Amino acid sequence: MIWFVGAGPGAEDLITVRGQKLLQEADMVVYAGSLVNPKLLANCKKNCEIHNSAYLTLEQVMNFMVKAERQGKRVVRLHTGDASLYGAIKEQMDWLDRENIAYEVCPGVSSFCGAAAALKAEYTLPDVSQSVIITRMAGRTPVPERESIRSFAAHRATMVLFLSTGLLKELTRELLMGGYSKDTPAAIVYRATWPDEEVHLCHVGTLEETARKNNITKTALIVVGDILDSDYRRSDLYHPEFATEFRPAVSEHIDKG
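Numbering of the sequence shown is given in our numbering, commencing with residue 9 and proceeding in unit increments.
Read the hints as simulated data drawn from the structure, not as lab findings. Predicted model, so just to flag it, every value in this text is computed and none were measured. There may be inaccurate statements among the hints.
Stated by the list, open to error - Simulated crosslink set (DSS-like; lysine-lysine; CA at most 25 angstroms straight-line):
id, residue 1, residue 2
1, Lys128, Lys226
2, Lys54, Lys75
3, Lys75, Lys29
4, Lys81, Lys47
5, Lys29, Lys53
6, Lys29, Lys54
7, Lys75, Lys98
8, Lys128, Lys98
9, Lys128, Lys81
10, Lys81, Lys98
11, Lys226, Lys190
12, Lys190, Lys221
13, Lys29, Lys81
Stated by the list, open to error - Label-pair restraints from in silico Cβ distances:
id, residue 1, residue 2, range
14, Pro203, Gly147, 23 to 29 angstroms
15, Ser42, Arg220, 43 to 49 angstroms
16, Pro152, Ala251, 17 to 23 angstroms
17, Gly213, Ala257, 43 to 49 angstroms
18, Lys53, Ser189, 17 to 23 angstroms
19, Gly147, Lys53, 34 to 40 angstroms
20, Arg220, Asp244, 41 to 47 angstroms
21, Glu67, Asp237, 30 to 36 angstroms
Glycine included, each C-beta is placed from N, C-alpha and C at the ideal position.
All chains, please: the whole structure from these sequences, using the hints.
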């Protein structure tokens with residue numbers, strides 16, 4: 009069995025209990041060394057074989073894992089955040105399918121959740137935004153034309169951008185052309201949940217300037233949307249006049265004082 013494990017956004021105690029247990033039991037770990045907190049490897053056995061995939065090709069990664077699995081070893085492929093987002097796990101799973109090797113996925117806490125925690129923000133505020141668009145700018149790796157930043161920006165929903173900190177001039181242009189105003193609230197969250205985390209509030213029109221002033225060129229998420237600074241309507245769920253299957257509606261309003 010090979011396990012794909014989400015390591016979480018950075019803080020070593022934000023890996024799941026299941027993920028930590030799998031690390032403790034592993035005979036081999038192949039981890040994404042460019043982003044995974046190396047302190048997580050302290051959970052591994054002393055004789056665990058460890059490989060940093062930042063220095064490896066897909067072929068090398070898979071050869072390591074397939075060989076170890078066929079030797080009866082327990083293998084963990086440790087990805088940053090949650091492996092389902094920009095984790096390139098589909099090609100690895102397809103490879104294992106061709107080799108008739110069983111695998112499972114252990115989800116992790118994504119950095120976009122870590123960014124919301126750092127911002128003390130709710131991405132889905134009533135009457136402001138009920139949708140979150142997770143995307144990235146096209147760079148060395150292309151993005152389908154139908155998924156351009158400009159087309160997504162037309163929705164004015166909450167947007168969380170991965171892998172785009174080095175392209176802020178182009179990103180700003182696309183956001184403005186798509187429909188956000190230059191005064192739309194935005195934020196740059198550098199290394200969310202890590203000890204050196206930084207949070208910089210700004211606006212769409214000052215994204216590039218904010219990153220430059222704070223020497224941020226990578227390893228950051230960009231959050232855009234009115235949820236960062238807007239009036240909102242109280243949610244219905246806990247409103248006394250809103251009935252649910254667990255609680256009847258009451259006409260008496262309770263003043264929070």
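For each hint, the structure was consulted:
| no. | hint | in the structure |
| --- | --- | --- |
| 1 | Lys128 x Lys226 | 22 angstroms, holds |
| 2 | Lys54 x Lys75 | 20 angstroms, holds |
| 3 | Lys75 x Lys29 | 22 angstroms, holds |
| 4 | Lys81 x Lys47 | 22 angstroms, holds |
| 5 | Lys29 x Lys53 | 11 angstroms, holds |
| 6 | Lys29 x Lys54 | 15 angstroms, holds |
| 7 | Lys75 x Lys98 | 19 angstroms, holds |
| 8 | Lys128 x Lys98 | 32 angstroms, violated |
| 9 | Lys128 x Lys81 | 42 angstroms, violated |
| 10 | Lys81 x Lys98 | 22 angstroms, holds |
| 11 | Lys226 x Lys190 | 22 angstroms, holds |
| 12 | Lys190 x Lys221 | 18 angstroms, holds |
| 13 | Lys29 x Lys81 | 15 angstroms, holds |
| 14 | Pro203 x Gly147: 23 to 29 angstroms | 28 angstroms, holds |
| 15 | Ser42 x Arg220: 43 to 49 angstroms | 23 angstroms, violated |
| 16 | Pro152 x Ala251: 17 to 23 angstroms | 43 angstroms, violated |
| 17 | Gly213 x Ala257: 43 to 49 angstroms | 44 angstroms, holds |
| 18 | Lys53 x Ser189: 17 to 23 angstroms | 54 angstroms, violated |
| 19 | Gly147 x Lys53: 34 to 40 angstroms | 39 angstroms, holds |
| 20 | Arg220 x Asp244: 41 to 47 angstroms | 42 angstroms, holds |
| 21 | Glu67 x Asp237: 30 to 36 angstroms | 47 angstroms, violated |
In summary, the structure is inconsistent with hints 8, 9, 15, 16, 18, 21 from the numbered list given earlier, while agreeing with the others.
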